[in-house]
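The opening residue of the sequence shown carries number 0 in numbering that gives the first Met the number 0; numbering runs sequentially from there.
Quick caveat, the hints were computed from the structure, so don't treat them as lab data. Since we're looking at a predicted model, the values are computed, not measured. For every residue, glycine included, the Cβ atom is placed at its ideal position computed from N, Cα and C. Only true hints are included.
Label-pair ranges, simulated between beta-carbon atoms:
1. D277 to N148: 39 to 49 Å
2. H215 to T188: 32 to 42 Å
3. K268 to E170: 12 to 22 Å
4. E9 to G247: 57 to 67 Å
5. E208 to N148: 26 to 36 Å
6. H215 to Q173: 27 to 37 Å
7. L76 to Q111: 37 to 47 Å
8. N347 to E220: 39 to 49 Å
9. S2 to D152: 35 to 45 Å
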Amino acid sequence: MNSEFIEALEELEKEKGISKDILLEAIEAALISAYRKNFGSAQNVVVQIERETGQVRVFAKKTVVEKVEDERTEISLEEARKINLNFQVGDIVEQEVTPKNFGRIAAQTAKQIVVQRIREAERSIIYEEFSGKEDDIVTGIVQRQEQKNVFIDLGKVEAILTPAEQMPNEEYKQGDRIKVYITEVRRTTKGPQILLSRTHPGLLKRLFELEVPEIHDGIVEIKSIAREAGSRSKIAVYSKNENVDPVGACVGPKGMRVQAIVNELKGEKVDIVKWDADSNEYVANALSPAKVISVTSNEEEKVAQVVVPDYQLSLAIGKEGQNARLAAKLTGWKIDIKSESQYNAENNKNL
Numbered sequence: 000m001n002s003e004f005i006e007a008l009e010e011l012e013k014e015k016g017i018s019k020d021i022l023l024e025a026i027e028a029a030l031i032s033a034y035r036k037n038f039g040s041a042q043n044v045v046v047q048i049e050r051e052t053g054q055v056r057v058f059a060k061k062t063v064v065e066k067v068e069d070e071r072t073e074i075s076l077e078e079a080r081k082i083n084l085n086f087q088v089g090d091i092v093e094q095e096v097t098p099k100n101f102g103r104i105a106a107q108t109a110k111q112i113v114v115q116r117i118r119e120a121e122r123s124i125i126y127e128e129f130s131g132k133e134d135d136i137v138t139g140i141v142q143r144q145e146q147k148n149v150f151i152d153l154g155k156v157e158a159i160l161t162p163a164e165q166m167p168n169e170e171y172k173q174g175d176r177i178k179v180y181i182t183e184v185r186r187t188t189k190g191p192q193i194l195l196s197r198t199h200p201g202l203l204k205r206l207f208e209l210e211v212p213e214i215h216d217g218i219v220e221i222k223s224i225a226r227e228a229g230s231r232s233k234i235a236v237y238s239k240n241e242n243v244d245p246v247g248a249c250v251g252p253k254g255m256r257v258q259a260i261v262n263e264l265k266g267e268k269v270d271i272v273k274w275d276a277d278s279n280e281y282v283a284n285a286l287s288p289a290k291v292i293s294v295t296s297n298e299e300e301k302v303a304q305v306v307v308p309d310y311q312l313s314l315a316i317g318k319e320g321q322n323a324r325l326a327a328k329l330t331g332w333k334i335d336i337k338s339e340s341q342y343n344a345e346n347n348k349n350l
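All chains, full assembly: derive it from the sequences and hints.
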């Protein structure tokens with residue numbers, strides 16, 4: 000190794016943020032192992048790399064003794080005092096034992112260590128960058144599919160969209176640009192593993208934050224989300240400003256804002272409802288687009304009985320119970336829906 004090698008390490012420090020001193024210490028430690036492997040394992044040695052020139056030197060550490068029993072680890076007091084008169088029994092003497100062909104071994108070892116540390120540093124940088132993006136939305140490009148897993152290129156790293164996190168009936172073609180939600184970033188021996196989702200309610204939340212300035216600015220707040228990915232979702236919103244209609248802000252001029260989100264989610268229907276501190280009002284809103292006549296609630300059990308016009312019953316319940324199910328999930332209430340004629344018949348029977 001030479002001064003050019005030291006200059007290369009200094010460039011690495013600037014470009015990759017890997018400390019030159021840490022690299023040199025790692026190379027020195029690796030060279031100790033290389034020396035023992037090639038020139039005798041019993042010796043206690045240290046390796047020193049000259050920080051300016053890159054020159055590598057190996058020193059055997061020997062203990063000063065009265066009588067030498069092992070020449071590899073001990074030196075007599077007489078021999079030690081030929082080096083320095085001040086040595087005493089028990090002191091440690093360092094004698095240079097650099098082999099002639101050690102430079103070649105040193106160069107190979109140094110290269111391996113540098114490459115390894117660069118990889119580790121790059122993985123660490125990517126991990127730190129993406130671990131800060133957990134629960135956030137990113138745009139990626141579909142790379143390939145393997146065993147139903149979809150691999151998405153996020154620029155610096157490839158991330159995984161597992162079958163459980165893929166939207167039903169959504170096709171992922173190579174080269175497609177899609178928005179994905181980062182659910183977890185794991186540190187592994189092969190580098191960071193990034194797990195993505197297209198079904199997470201957080202994806203819908205982040206899409207609204209991107210499309211609706213009033214949400215981004217904190218004027219409109221998302222209170223709750225219920226989602227059946229690929230089919231239908233409900234989102235409850237609230238405005239801190241009386242002059243701002245939270246539902247209107249989310250729908251946007253001519254429905255442009257919500258339509259952009261629906262398009263990103265490949266046609267998933269999104270009901271935007273107004274959150275209300277009044278439980279009865281909130282439950283009624285949550286059943287939108289169905290019209291509600293009345294809501295009677297039990298606060299302790301969180302059960303709400305809802306009455307709707309006869310012609311609105313199927314709309315309130317929804318296909319396969321989806322509208323009622325999403326409303327219950329959105330509000331956290333158990334919702335019992337009855338038609339007006341059912342409710343009246345039951346009341347008349349009780350009279």
